[in-house]
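Colleague: Using the hints provided, position chain B relative to the given structure of chain A.
Single-letter residue listing:
There are 2 protein chains.
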Amino acid sequence: MIYCDIEGADSLWPSMSNRISDELGTRVMEDIKSEDSLSSHRHGDTLPYIHKVGAPPKQNLFYEIKDAVKETFFSDNPLGHFKDQTRSRKFVLGFQSLFPIFEWGKEYNLSKFKGDLISGLTIASLCIPQDIAYAKLANLPPQYGLYTSFVAPLVYAFMGSSRDIAIGPVAVVSLLLGSMLSDEIDPNSSHDYLRLAFTATFFAGITQLALGFLRLGFLIDFLSHAAIVGFMAGAAITIALQQLKGLLGITHFTKNTDIISVMRSVFHSAHHGWNWQTILIGVSFLTFLLIAKQIGKKKKYFWVAAIAPMTSVILSTFFVYITRADKNGVSIVRHIKKGVNPSSASEIFFSGKYLSSGIKIGVISGMIALTEAVAIGRTFASMKDYQLDGNREMVALGTMNVVGSLTSCYVATGSFSRSAVNYMAGCNTAVANIVMSIVVLLTLELITPLFKYTPNAVLASIIIAAVVGLIDIDAAILLWKIDKFDFVACIGAFFGVIFKSVEIGLLIAVAISFAKILLQVTRPRTAVLGKLPGTIVYRNILQYPKATQVPGILIVRVDSAVYFSNSNYVKERILRWLTDEDAARTENNLSRTQYLIVEMSPVTDIDTSGIHAFEELFKSLQKREVQLILANPGPIVMVKFQASNLTNLIGEDKIFLSVADAVATFGSKVEEP
Amino acid sequence: MIYCDIEGADSLWPSMSNRISDELGTRVMEDIKSEDSLSSHRHGDTLPYIHKVGAPPKQNLFYEIKDAVKETFFSDNPLGHFKDQTRSRKFVLGFQSLFPIFEWGKEYNLSKFKGDLISGLTIASLCIPQDIAYAKLANLPPQYGLYTSFVAPLVYAFMGSSRDIAIGPVAVVSLLLGSMLSDEIDPNSSHDYLRLAFTATFFAGITQLALGFLRLGFLIDFLSHAAIVGFMAGAAITIALQQLKGLLGITHFTKNTDIISVMRSVFHSAHHGWNWQTILIGVSFLTFLLIAKQIGKKKKYFWVAAIAPMTSVILSTFFVYITRADKNGVSIVRHIKKGVNPSSASEIFFSGKYLSSGIKIGVISGMIALTEAVAIGRTFASMKDYQLDGNREMVALGTMNVVGSLTSCYVATGSFSRSAVNYMAGCNTAVANIVMSIVVLLTLELITPLFKYTPNAVLASIIIAAVVGLIDIDAAILLWKIDKFDFVACIGAFFGVIFKSVEIGLLIAVAISFAKILLQVTRPRTAVLGKLPGTIVYRNILQYPKATQVPGILIVRVDSAVYFSNSNYVKERILRWLTDEDAARTENNLSRTQYLIVEMSPVTDIDTSGIHAFEELFKSLQKREVQLILANPGPIVMVKFQASNLTNLIGEDKIFLSVADAVATFGSKVEEP
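Taken in order, these protein sequences are the chains called A and B.
Going by this note's numbering, the first residue of the first sequence is number 1, and it counts up by one from there.
Going by this note's numbering, the first residue of the second sequence is number 1, and it counts up by one from there.
None of these hints come from the bench; they were simulated from the model.
Treat the hints with care, as some may be off.
As the list claims (entries may be wrong) - With a straight-line Cα cutoff of 16 Å, these simulated EDC-like cross-link-like pairs (lysine to aspartate or glutamate) come out:
#1 B/384 to A/615
#2 B/255 to B/183
#3 A/623 to B/385
#4 B/481 to A/605
#5 B/619 to A/385
#6 A/481 to B/605
#7 A/384 to B/616
This is chain A alone, in the form it adopts within the complex (with noise of 0.2 Å):
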């Protein structure tokens, strides 16, 4: 009986596919109630569809190298749209693709323009009170945040081709930023923290824009999702921990971002006495935020949410204006400098002492802000259903970045809150952001002081409530429900972050991610196959208990790409595999193991490692008396098995097309024990 494998037959070369079908007189299996003039041939000797496989034509090495670096680094055809234009073309095709604004701006019109300019209006109602707080969190003084509010988002509107995404600080990369640049100086005695704030924003654009420019945007993709999951998590947390000093009016507060720490510094200044005005203030705004937010989830509402902030900071401000409740002890932000963006250019650090912990704060900063812009992104594109290039993102951030740090502005970069509020408002392009940068710019110019009685606790309640967002429970469920394995990254981030630091959180996060790719090319899946009774299908035994083995005969399947990293463990796997089950089968005086059937199917690729250690295999299955036959290698395969002499080694007569064919051959010359 025997039969042939057709989803095997890519994998075979002709005089290899001639050879089995002449020696076996394989035939074609057919559909009995076949429509097509297949049936025709049912009695026939000729193999309609056994076609010429032939090797896969030969590549020059030119195009070979060509190919690989196209895929690897232009995978998405950037410059696709300029083949065959004539050169000025080219020229306004490159100048768009810098600049998408004077591509879709050609097709703007009013009807576009009344969804931007209310989701504009939204997202800057929503923006002014979390620039002031989240600035407070990089310890920085709170029109920074407004300066980053203004610049950012102007820059990237011209640049960016994301039509959703809200620009603006964020609270996770502001709180590693304040935490890693007070590692390097004390935010509270020197000038120097903020010109090393603007360094690293500086060189956290430069960064980005490397990435782009080289296109090695695809490094991002290894901070796995879990990770990003646990590592926000965590950082929410911690940033709504950080708010118990504004929101409980504490004075004395711990330095450390790690939950232990701030737990005791909590507790400790519970016996100087909280300030029970500012916990009223703080409290009950919260509360409004909260239940705000969740009115705001449904989609009609979502206004509720957007402008709740901007409401809690109007009301507490009038409210402590009215009440002086700053005399009482509740503390207020007392002072926000008027007036737009000055220069910074000459603040940053491009020599000194500094200059190497700028650097690095701004590529660490650079890339988180950029896995969440890419991110979010990609999200929002995915949804409207446009394409987004990754690399020409961060070029754009990159760009926004390089110019904010020289306009007093700290690491902007997209927020995942403000993009969700921007797109339910209806936006339709960027031209959202150039309405919320006005906004911010007027209130700069204007209404800054208005905010001196904005008590405090107040914004530590939008703090808390913007950040509660960023803690994803369903997602961690259903880490732990589809890959154990994602859950442990996602868990061991979210540790790291809360009782560590941010950084620590951070590493552990790579290094779990990394750990992930190291195993899964270290340690690829091998199974043992059987044959389904009454059946020509060979499947795991595992799997399907009923699959009985053939005597004499083992049958192995490989599933990965078998490398250096695990070429020596795919060895040793199936010798250890032999050895199991011949002592297995001299127990049961069944014939010992006298064929061993590698199903090489899965095996899409294999590297000189790979060449080598099936070079051994075949070695030691000789020393024990074992024939080494392969069932379907794949065509790159095949070509190395070849450049590298292997299928002489081995014997071409020892290649089969399907494990069928192979066991159809040496099932009947089994000697029996």
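Modeller: For chain B alone, coordinates are given in the frame of chain A:
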């Protein structure tokens, strides 16, 4: 015309396979000449061999984790033979597994000893001159090489499980150690240099022990074979160049190891005049050694190569002694301390400023030593077909170096060349190492004064002759033929070593190896499939130009597990195939793509990011009014699809047994343009 792809059957759940067979009336393909009872089902309604697949048996979480840990760290099942044994027996087995000599020692006999004696004497005669020479490479006095060849092989003989490895100092590790140590301390100025060498040796041993005990031995697999080939060749050339000092009798020689500094040093010294007597000795013995090596390649004459170095030493020493050539500027060894190893336990830095550099140098040299020893162990184990437990080997090597560091040895490991001689001389067990060790002991106690007149030039010749074997041009050519990327790794490591330093070369080797792994998991292959005319086989249209696309349907195969590192790429690549294809089809007035079939046979695993990617792919396609169809997802993928509810989102009726089934179902539904 409907076929059932049998090979794909394992990926399906009962509901689905039943559904498919019900809906499509799928019938089993049968060989019309079938010899068994299957043919009786040909017209029947039963499906004798579409077995109920069922989700793979749901595993208890504990077992799932246990299995993963076991497969990662205990893949060699090291405790297998402890099973079902009494406690005292377990103790004996445990003791034997730590000291294998008590296992194989029981069966040791005189005939085995004969082989071991001969090979032990042979490698002793080879190692004594090498030891003296290699100690100089590490900038240590000559006796330390001999010390290392006395203690280390003894310890290994008791604990190691390789029967063929010859233990002692080796060229590459000596060079690496010498180069890293002298970056910290000037070797000539201070006793601290020696102390740091012992410290590094101690921590090299600790590193090896730790890797073995923690079962992290697989980490050394990450240094790819290709990188090692390049690194070794580079190190060999660097070592050979260093010997120009001794060979040409140059007095002022550079401390750098890169080729440019060395060549400059050589040419600068030329006009001071080289010492012709030194050159005469060096060149003539080098010629002799290389010829002997060439002759020794024939297995019958291996002893020619084995005794040549000792012969050279004796002849040259005698020659210098009678001619008193040392008075004419021929540099000689002058002094080797007589007597057995002194204790060095109190010399190791356990604190102070050199501790951290000692640890760093120890970890690096320990890893390199390990790589070399494990590679040798594996090679010979597969030649004689015995299993080697990599982790246990590491424990043995680690203990050996820790003990060595306490007894004035520096880092020892297995030597490629001496192990090969050992094997060819017919060694049977590690007793050969004991024999060698005893000979070295006698040398230390009795004849070291005789080496006084040994010219350094002959030691240089011995080193050059030994390291020439590390340059494996054939391996490099094979790398080029099989895998271009491997070749780049090889060349990168090679140039790194010869143009910069051993450490830089090593760093390049590791970096390229990692880059390859990252590339592999970041940019998996995808292919568009077409139908081979007259068949139901779907194959890569680039490989099979005859394959034709189905109107209105695009079939894409993903050739890798989908993880966070490639999920976005896979998603965007599939969408790009769709965009490109649609553009081409519109141009040719063909119907636009209405169904996208993703062939998932090679997707062996998926994680949460992969699930997200498929979710987003589904949503993007929905926006474009394209239906997503999956063909043949594997069992693990299906479990995760179900856990994440993705099967419901995509629709169970969109998941098919094979591409052919899917095309059969939707091919007729395609709307004409």
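Colleague: Each of the hints needs a verdict: does it hold here or not?
Modeller: Checked hints:
Taking the CA atoms of residue 384 of chain B and residue 615 of chain A, the gap is near 14 Å; set against the 16 Å cutoff, the hint holds. Annotation: proposed proximity of residue 255 of chain B to residue 183 of chain B holds, straight-line Cα distance about 10 Å (limit 16 Å). Distance restraint check for residue 623 of chain A and residue 385 of chain B: the Cα-Cα separation of roughly 7 Å lies within the 16 Å cut-off, and the hinted pair is therefore satisfied. About 15 Å separates the Cα atoms of residue 481 of chain B and residue 605 of chain A, which keeps this hinted pair within 16 Å; it holds.
Under the criterion of a C-alpha separation no larger than 16 Å, the hint pairing residue 619 of chain B with residue 385 of chain A is consistent with the structure, at around 8 Å. Distance restraint check for residue 481 of chain A and residue 605 of chain B: the Cα-Cα separation of roughly 15 Å lies within the 16 Å cut-off, and the hinted pair is therefore satisfied. For a cut-off of 16 Å, the pair hint linking residue 384 of chain A to residue 616 of chain B stands: about 11 Å separates their Cα positions.
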